[in-house]
Every structure is written in structure tokens, then in C-alpha cells.
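Dock chains W and Z against the given chain L, drawing on the hints supplied.
Here is what each chain is made of, one letter per residue.
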Amino acid sequence: MATGILNGKGRIWLIVALVALCLVPFALPRFYVYLLSIILLYGLFAMSNNFPLGFGGIYQLHHAVFYGVGAYGTALVITKSGLSPWLAFLVGPLVAAALSLVMGLICIRLSKLYFGMLQISLGSLVWAVVYRWYSFTGGDDGIHGISVPDIISSYQGAYYFTLVVTAVSLFILYRILKSPYGSTLQGIRDNPVRSAMIGVNVKRHQLLALIIAGFFAGVAGTLFVVVDNTVFPDMMFWTLSMEAVIMCLLGGWLTFLGPMLGAALIVLIRTFVSTYTVYWALVLGIIFMLVIFFLPNGVLGWIETLFKGKTKLVEAKE
Amino acid sequence: MDAIGILNQIFVGLSRTVILFIVSSGLSLILGVLRIPNVAHGSLYMIGAFMAFTFSKLFGGGDLGFWMALIGAPCAVALISLAAERGIFQYLYEREHLMLILLTFAFSLVFGDLVKIVWGGEYKSVPVPYMFQGFVPLFGGLPFPLYNVFLLVCGPIIAILLWLLVNKTKIGKIARAAAVDREMVGAVGINVSWVFAIVFVIGCLLAGLGGVLVAPTVSVTLGMDHTLIIEAFLIVIMGGLGNIWGALLGALIFGLSQSMGILIWPQFGIIFPYLAVVVVLIFRPTGLLKSTW
Amino acid sequence: MGVVNYNFIPQKLEGGTGMKKSILFVAFVAFVFGLGICSQTGHAADTIKVGIVDTYTGPATSFTQDALDGFKLAVEKINAKGGVLGKKLEYTTRDEKFKPDIGLAMAKELVLKEKVDILAGTINSGTALAVSDFAKKEKMPFFVFYSKSEKIIGEKGHKYVFNMNENTEMAGRAAAFALAKKPFVKYWIAGDDYEYGHAIADAVWNNLKKAKPGVQLLGQSWWKVGEADFTPYITQIMAAKPDFIIVATGGSGMVNFQKAAKATGLVQKIPFYQHTGNELGTLLPQGKDAPEGVWGTSNYFFYYPETPANKAFADDFRKAYNRYPKASALVGYMTAQFIAEGYKKAGKVDNEAFIKALEGMSLDSPVGPLAIRACDHQLELPTYWGVTKKDAKYDFLISGDIQVIAPKDYMPTCQEVLKNRK
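Residue numbers (the working numbering), protein chains in the order written: chain L, 1 to 318; chain W, 1 to 293; chain Z, 1 to 422.
One chain only, chain L, in its complex shape:
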């Protein structure tokens, strides 16, 4: 039986962490509640990116499309149709998942960098359409003042909603990874040829990974609408996708919670560095370089090796 974070002593600490997070609105001022909401949803965005990237070995380089489409889906349903916002919260992720299916079918025949580049091209197509379709999507202005149900419209309300949704999503992702499907996916990452030889339908497993990733990216996008009540076309631009990949790499793309840590670090550094200087990009860049040089497995990966001993980079000859 596989042990995991959820068993034994690990469970206690996880519960402690969750309780601490629930108490935050009582202890800290509104700004930190807002900041934590942002960290949680970006963390979910990054973790959904890491699902195919770190655990599937797929070069998911334009994940922001699904995030943005999820957000726009929710936003458009709320503002343009008379349907209940709660329904809109479902529509966003479903549209994102549908888009991942379509894009996945087109891209899946390629692998590695080519897959990533094709995904970037298709994603840029989607971005261009949203950007230009001013009458429907608001174009480069975006959509603002999106109304959400009262119980979740306050800072605390939005925070708890985000916390619950994120926690549930992460739990689901974790269970998927621990399931036989998850093990197969990681097997495919390690050695696709061998996996195919033992009868695994590699492409189908990868496609499913993409759909799952897209769905949760859409969830993250919906959370953004709840927290900030706006959407912009920038949300599906390739620079945000790069940021997501970086969150994964920075935090540790071979660990489960790594991307969440990466997201937290980037948001925190950006927020606090910008109170001191306009050159926060420079600072971020230097920090990235240091991490790459000294912590090739990301921050969490490094922390883990402190306790476990090194993972090895092994050459696999064809």
C-alpha cells in the first residue's frame, strides 16, 4: 500500500497547515487575505501545469490558454447570460477541458519541444481571437466589474471559497497521481518506448492528462474571476504560460507541492520587491538564475534532498 502525505504523521501536519490557513482572515489584515487567495489560485494553476509537465513529461508550454479560457468562460456566462453564477463556475472549467481535448488531439502526435511549440501556436491563435473579438470579449480592455454571489464577494468570502476549491482540487490531483493511472503516466514519462511495449496506450494516457490539466487550469481561472472580478486577454498570453512553467521549475517540478511553493515565492517576491524598486523583474531574474545554478531540482526538490539524499541524473542511451 503506497504511503503518502495523507497518512501517518504527515496527515497531522497537513491538518495543522489547513487550520492555520483557515484562521488567516482572523489574524491578518485584508491585504494578506487577498494575497493568499492569489497565491492559492496561482498555485493551483501551476500545479495543474505540472500534472502533464512534471509527472507526464509533456512539454506543456502554453498552459495559460486554458486558465484564460476558463476565466473568460465564467466571466462571459455571468455577464452575458442570465444564468446563475454558480453554473458559470462550472462552465469555465468545462470549456477549458473541452479546449484541452481539441488542442490535445491536434498536438499529441508530436513530442517534446515540437509539442510545446505547436501548443504555443494554437494557443496564440485562441489568444488572437479573444483579443480581436472586441464586441464579444471586450478585446484588449477585458471585462470588469463581474458580479459574483454575495457570500463570496467579500475578501474573506472569496478567500474561503478559493481555499476550499483549491484544497479539493489538489486532493483530487493527488489521488489521481497515486492511482494506477497516475503510475502509468509517470511510467510513460520515464520511458515511453517501454511503456508502449507493455501495451499501454501512450497517447490516450497523455491526452487524458491534458484534459485533467486543462480542467483544473480552468478552475484556477474561475477562482481569479471570483477574487478579482475581472478578466484580461493577457491571462492567455504566452508570457503567463512561461511564468507557470517557471513556478513549477522554481518550486520543484518533480515534487507534488513544488509548483505551489514556486507560485507563492514568485507572487511574494514580486509584491514585496516592488515596494522597494521598479526593477522587480531584474531581481526575479537573478533569483531564477541562482536557483537554476544551485538548485536544479527547484526549491522543494532541494529541501527534499536534504532529507533523502540526492536524486541522480542518469543517461539513458537509446
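Calculated Cβ distances over 10 Å to all of chain L for the following chain W residues:
#1 Met131
#2 Val185
#3 Val188
Straight line, CA to CA, 30 Å or less: simulated BS3-like cross-link-like pairs of lysine-lysine:
#4 L:Lys80 x Z:Lys139
#5 Z:Lys186 x Z:Lys389
#6 Z:Lys319 x Z:Lys77
#7 W:Lys173 x W:Lys290
#8 Z:Lys224 x L:Lys80
#9 Z:Lys210 x Z:Lys241
#10 Z:Lys288 x W:Lys57
#11 Z:Lys311 x Z:Lys408
#12 W:Lys173 x L:Lys112
#13 L:Lys80 x Z:Lys419
#14 L:Lys203 x W:Lys290
#15 Z:Lys49 x Z:Lys115
#16 Z:Lys186 x Z:Lys241
#17 Z:Lys49 x W:Lys116
#18 Z:Lys49 x Z:Lys139
#19 W:Lys116 x Z:Lys72
Simulated from the structure, these hints should not be mistaken for laboratory data. Where a beta carbon is used, it is the ideal one built from N, C-alpha and C, also for glycine.
Below, chains W and Z alone, put in the same frame as chain L:
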């Protein structure tokens, strides 16, 4: 629009293609031989443009300023890239691609802010040299700027020079060999590290050169890097990694689909280049021409 | 195949260190968080703090920097005279790098953490609209320096937002006012294919048709933002032979188009108009190589009118920042003054009283008295119509044949603006 109009459009869109080609060929070399996805390539292009402004100002603007910039700015960019390569990159060739993407992205962030620190936020302008001011009448008497003629002449010259470098010189052959099997080349006694350094520097020099050439036609601003880098990557992938003619072909397709697309469907014209890339990759996943991978 | 692939042995989701991972994770984040809380500044009760979110990296910087510097200049003067209600006027800036989601997050940080009293910014219309919406929720006054979207005080307007520069509808009306008096009949419209470009073009054209029903539109050309090669479009336009071209470019597109117009000789063959085409921000980078004969509208020139007040302002600015002020400098300068006078008139640091005090307030500026219109909180600026021409005194071109269009002649009426609001 009649046939003459379309012919004019093609001719004129080609000069933009030249810039795209020069920058993309550099990226293609670096990606094909060194396997580094150089996200900072756009930043080097931007630095080239800003350096052109500085050189031009140093030598009084005008013709002398331009020619000095044409020689000096790419060299300055080459020096910067050499420093980066020797200082940081050469230790990281073994790393995963994704880590290299992160590293070059970090460089682009650093360069972006450094440019602002050095040159400030104002638009800069590099004047078109006097000898290229004015225009020649093209088909139907419509004007074609002389500077664009200069670009159209430069493009093929650079393409041929590059091809000669990669295919006919010793260093080119070694580089291509090292791209395929680095260990073997090292085992034969060649200092692979320096080969890689040279290829990297040449690739970055091309980016700087593109920046210098484009400077007189646009306003030199921060943010030039972002628009260009995605186009360059898509062109390189379309054309085939490490393949100079592939970069040329990719640039042509990209540039022409852009201008033609806007004629066909003005509102959504910008999707045509991306569409072209998608179509190419679906039918020829490794790019149109042979890649070195 | 001779190709070497590098694979890796992955970390499995092991249980043993799960506990340690969780602790370390939470501890690490708490640590960084703690650092952040310690860096909390907030502000003392004896200052009034303005939080400015804007883009200070990228092509927009040349405009936003002037707005900030104009603002700074006024703040120094105000503080030298004793401040506002005995308190010092302070400001802090955040660079959103033209990304609306970062801009909005920074605005929230300024309000919730730095506890600023007033928000100002931003050149990005998306950010401006998002921040305006946030300001409405927080009941915090928000002054817009440079975004020209008419939605800011129109469709999305509310009592907490103040627009301190012209918007696209105003610019369009002013241009139409001037063009209606000219003999041109056959027009062509061209521009950057984004919201600002279309807004300007629509504003000019719709108002021109109303003022002069006989005008004809021969065709339109729209290129992508950042386009560098205009020659295909220019040849297309020249072939159609219009009398006049309305060129709806923005940002770096202004300079790019002017360069192309000169290189292809368009500027000598067919006259054209650009909003801010004759303004310092567009002409300064090109130096003496800018084309002559370009028509434009601008809301400020440092060299006109040649009043002592304007000269004093330009000299002060030049002494402090070593360059001539652009239109955004005037906006920043006046915004600071309105903020100071608004609080003074209100008598206390109270937002509602502050807003009431500002409505209809008129202050002296380098170009004469300027007022904030009560019904929609739009600053009433004069617009200057002119054509570019060389001047021996300067290293750059200036606007000649200046025609002043007063606010009453071109601004939309209160009724027209307010009926768009929901």
C-alpha cells in the same frame, strides 16, 4: 486590390522578412547546435537596436553613425553574449531543456530591466542614413523606400554567408558534428566547449544585427523583445532546427501570411501566421527542412 | 541513432518525508510572509499618500515618466508651501509593466497594505478600468493620468473616478471640429488595430460626418499594433487617392507611421492627421528628421501659449528633469494641485467631502484656468490643432498654425456622457 497592388505588397513585406530571417537564423543555430531554447534572443535584438542608437549618436548621426553602428552594435552584443556564455551557460549544457528555458527567460528579465537602467524609458530613434533616404518607384509608380532595397540586398548576402559558414568552413562542420554527437567530437581532440561558444556568439551576433538593421525603420523602445521572440521561435520550428534555409523559408511564410492575411480578413488577420505554423507542424512535425535534431 | 537523451529518476510521492515536506513548506512560506509583514510601511497620520500604479517599463514609459515627473514637481512645490492641511503630500509608485492583472494587484496592495488615501495612474486602459472598478468598491478617489478610453468616465464612470486627460471621444470631436472647416471631402481611415485605434477613428469620423455630411469614406486600412512596415498600406492608400487620411495610431505606432510616411513620400502627397501627431512625445524622438506637414491635435505644448505661466512651468520642469515637458507632464502637475486644493477646500481628509470639493473646481494652470466638470469628473482641457514644422530654436519639430479649440466647442455634453452609464 489588383495584381500590381498585390505584387507591391509582396515585395514590400519582404523587407520585414529579412529582419525576421536574420534574427531567426541566429536562434536556429543556437537551438539546433547547442540545444538551448534562447528566450533571451529577443532581448539581444533589442540591445542591438539600442546599441545602434548609441553608436549612431557617438558618431554624429547620419551616414557615418549608421555604418559604425552596423559594425559596432553587433560586436557589442557578441561580447555580451560571450560573457554570458563563458560565465554561465557553459556549465549548464547538460541540463534539461526546461531548465535552459528558465535560464534564458531569467536572462531576458535581467536584460529587459538593464536596458531600462542604461538607456532610460524614452523612445529612441535612429535616423535612416542619407544615402538611403527617398524611394524608388516600383510597379505602377508606387514608392518603395530605398532603405528597404538595402534590406532586400542584405538578406540574401547574409543568408549566403551563413550557409558558407555552416557548410563550407571547418568550424561549421565541427559545429554540425558536435550538434549530433558532442562526446565523439570531444574524443577526437577538438575543444568542443570553444566550438559551442563560437556558435553561441555568432547566433547572438545575428540577433544584434537584426536589431541594428530594424532600428531606422521603427521607434526603438523597451518591449521590442517580447513581440519578436515568439515570432522567431515559431519561424525556427517551422523551418527546421539548425537549418539556415529553413529559417529563411519560415520567415517568408510567416511574414507573407501576415501581410496577406490582413488583406483577406482585416479583423482577424493576425491569426494567419499562427495558422500557417499549425498547418506546417501538423504535416511536417520536425519542420519544413531537415533539422539537426 | 547517436542521439543522447537525458532522462531522470524521479522522486516518487513517498510517505516518509511527507510530514517534513509539509512542515518545511508551511514554515518556509510563513517565513517569507513574515518578512513581508515586517516590511509593512503603511503611513503616518501626518501625511497624505498618493499611490500611483503605472507602466514604467516598455514603450509607454516615455509618457508615463512625464506624468510622474510633473506630479513630483507639483508635490515639491506644495510641500514647500506647507503641505495640505498641515500634512505633507507623499506618493509611491508601482510598475505594472503594462500587465493589467499585475496592475490591479498592485492597486490592491497600495490600498490595503500601504493604506494610501488616493490612487492614480495608469496608461493601460484595461488596468484603468479594473482599478476604477476596485476604487468604486473601496470608495477611494482614482485619478486617471493617461488612459484615453472614453469608458472610464462614460459607460463605466462613477463618482470616485476622475479623468485628468482627454479621452478618445473628446479628441475625435476636436479633430472633427477642425476638419469640418477644411475643404477635404474624400477620406481614408487607417490605424493600429486595437481598441484605442478604433475608438479614435470612430470618434473622429462619426463627429465629422455630423458636422459635414458631405464627406465620403473611400476605405479603411488596419494593421497590427507594433507594425513596422507600412509601405504595403501606404501604397494601397495612395492608389485610392483620398483627399485626406485619418491615421489612428497610438504609442510607438505614431513614430513608426511618421517615419514611413516620410520614407515613402506620402506626407508630401496626401495630408493626414494623427491625434498627438504634433505633440512633443511623438516629435522629440525623431529629432530633425520628423516629417513636416503632419496634422495633429494635442492638449499641451510647452512653447504655446507663450505666457509667463507656461514658460515658468517649462523652465521649472527643464531645470528639474533636464528635458522639455510633454502633455502628460501637465496632467501630472495639475492632478497633484487638484488633490491638494480639494482637501484644502474640504477642510478634512474625508473622501466624500474631497470629491464634492473637486466638482466644478477651477485652478490656474500653465495654460490658463482648468476646471473639473462636476457632472462627470472630466478635466476640461483645451485642444490645440496644428501642423508639424521645423523650428530653428529646437532640435525637434514643433506644431505650427496652432488653432485653439476651447472645451465648450468640442466636449460631449453632460447628458451625452451620463446616458452611457448604467
